[in-house]
Amino acid sequence: KNQVEQSPQSLIILEGKNCTLQCNYTVSPFSNLRWYKQDTGRGPVSLTIMTFSENTKSNGRYTATLDADTKQSSLHITASQLSDSASYICVVPPGGSQGNLIFGKGTKLSVKP
Amino acid sequence: GAVVSQHPSRVICKSGTSVKIECRSLDFQATTMFWYRQFPKKSLMLMATSNEGSKATYEQGVEKDKFLINHASLTLSTLTVTSAHPEDSSFYICSARDTLTQETQYFGPGTRLLVL
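Going down the list, the protein sequences come from chains A and B. Read in order, the letters of the first sequence correspond to residues 463 to 575 in our numbering. Read in order, the letters of the second sequence correspond to residues 17 to 132 in our numbering.
The following block holds chain B by itself, in its conformation from the complex (with noise of 0.2 angstroms):
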């Protein structure tokens, strides 16, 4: 089946700096790409479309500025959050859409951020 990668699966930044997380397509291309945000015991939380060649569409009430999104390659699409605050510690998840198939979306393994 189709796998999704992210890296890191898990990071701890100190409050101010910037993390950026990868999220890989590994045997298909993905025009699009999802992030999400899940805090704990809560539903997975879209937080931005992420679209191959052209910028993201952000959901209501996520800063686009603070949570930059690039998508560059056809497999790879990154998630930097900037300026970090504890209140950014979360389980970040990504998904990707096979563009030749347009099936379902696979999600990747998530990565945990923790902020101090």
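One chain only, chain A, in its complex shape (with noise of 0.2 angstroms):
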């Protein structure tokens, strides 16, 4: 069954402080994964796209990085800001198809100053 499972569920950090994110996927076949930001009451936003062959991907302040061996994937946020408090979401489509994406329920992280 093609799944999309993300930890912690929710993360309350500093500003200022770095985390990560994870994502564990049985997605079958594989082409890419996908992370969100999504706002409280707005539409997810593309932060990286990640294919089959790379491992590491950096969008700014965001890291995400891709095993595909293990099929993990994490999201690493560094020196944290008040902004960056959202949902953030994990998608994978499977076979490479651009619908019917597979969402993980997100992690919710809350920056505190």
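Don't read these hints as lab results, they were simulated from the structure. Cβ atoms here follow ideal geometry from the backbone N, Cα and C, with glycine treated the same way. Careful: at least some of the hints might be erroneous.
Partial list, computed: chain B residues near chain A (C-beta under 7 angstroms) [stated by the list, open to error]:
no., residue
1, P24
2, S59
3, L60
4, I109
5, T120
6, F123
7, G124
8, G126
Non-contacting residues of chain A with respect to chain B, defined by C-beta distances greater than 10 angstroms in every case (computed) [as the list claims (entries may be wrong)]:
no., residue
9, S469
10, K479
11, D531
12, K574
Assembling the complex is the task here: the two chains are given apart, and the hints tell you how they should meet.
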């Protein structure tokens, strides 16, 4: 069964600290994995898209890693800011298809001053 | 980057009325758009796939007569919630796939529907 699992479910950190979010997937065949940021009451915004051959990709203070062998991905946030407070969603399209995305339940990150 | 807009951003309506939500791709053409529903603290759930010029494909359990989808142009898809009931209150999000590049789906900002 195609599944995407994220941990932790929620996380509270102090402003300026780093954090790492985890994503495990059992989607097959695999083509790419995406991380989205969703602010409360807003639509998801793409942070990174990682293909099978990519191990790491950065977007500003966000760095995503991918281990296709263990089917794990992580999203590392450096020097967190209050505006980083949001849900971070890991998404994998099965078979590389662009529809029927498999969504993780997200990690709700709260950055406190 | 690609921009997808939704209108309205939030709507409150009485039970039994119909509500139309628009999804527009602003700087690209989208042959395919997707409609999602998201309940509080839950994941996005795909409701239907909207294809320009043809009938939408609905996910299992989604009533096609209740959630009418029209994709009349390459930049506009509409979702009409007919005879809305309080249980239809939710956050509705559309996404659009760039026809030219077949790149990832770009999500709209969402529409908050509250049915009284």
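Hints, one by one, checked against the model:
{"no.": "1", "hint": "P24", "verdict": "violated (13 angstroms)"}
{"no.": "2", "hint": "S59", "verdict": "holds (4 angstroms)"}
{"no.": "3", "hint": "L60", "verdict": "holds (5 angstroms)"}
{"no.": "4", "hint": "I109", "verdict": "holds (5 angstroms)"}
{"no.": "5", "hint": "T120", "verdict": "holds (6 angstroms)"}
{"no.": "6", "hint": "F123", "verdict": "holds (4 angstroms)"}
{"no.": "7", "hint": "G124", "verdict": "holds (5 angstroms)"}
{"no.": "8", "hint": "G126", "verdict": "holds (5 angstroms)"}
{"no.": "9", "hint": "S469", "verdict": "holds (15 angstroms)"}
{"no.": "10", "hint": "K479", "verdict": "holds (24 angstroms)"}
{"no.": "11", "hint": "D531", "verdict": "holds (24 angstroms)"}
{"no.": "12", "hint": "K574", "verdict": "holds (20 angstroms)"}
The structure does not agree with numbered hint 1 stated previously, though it agrees with all others.
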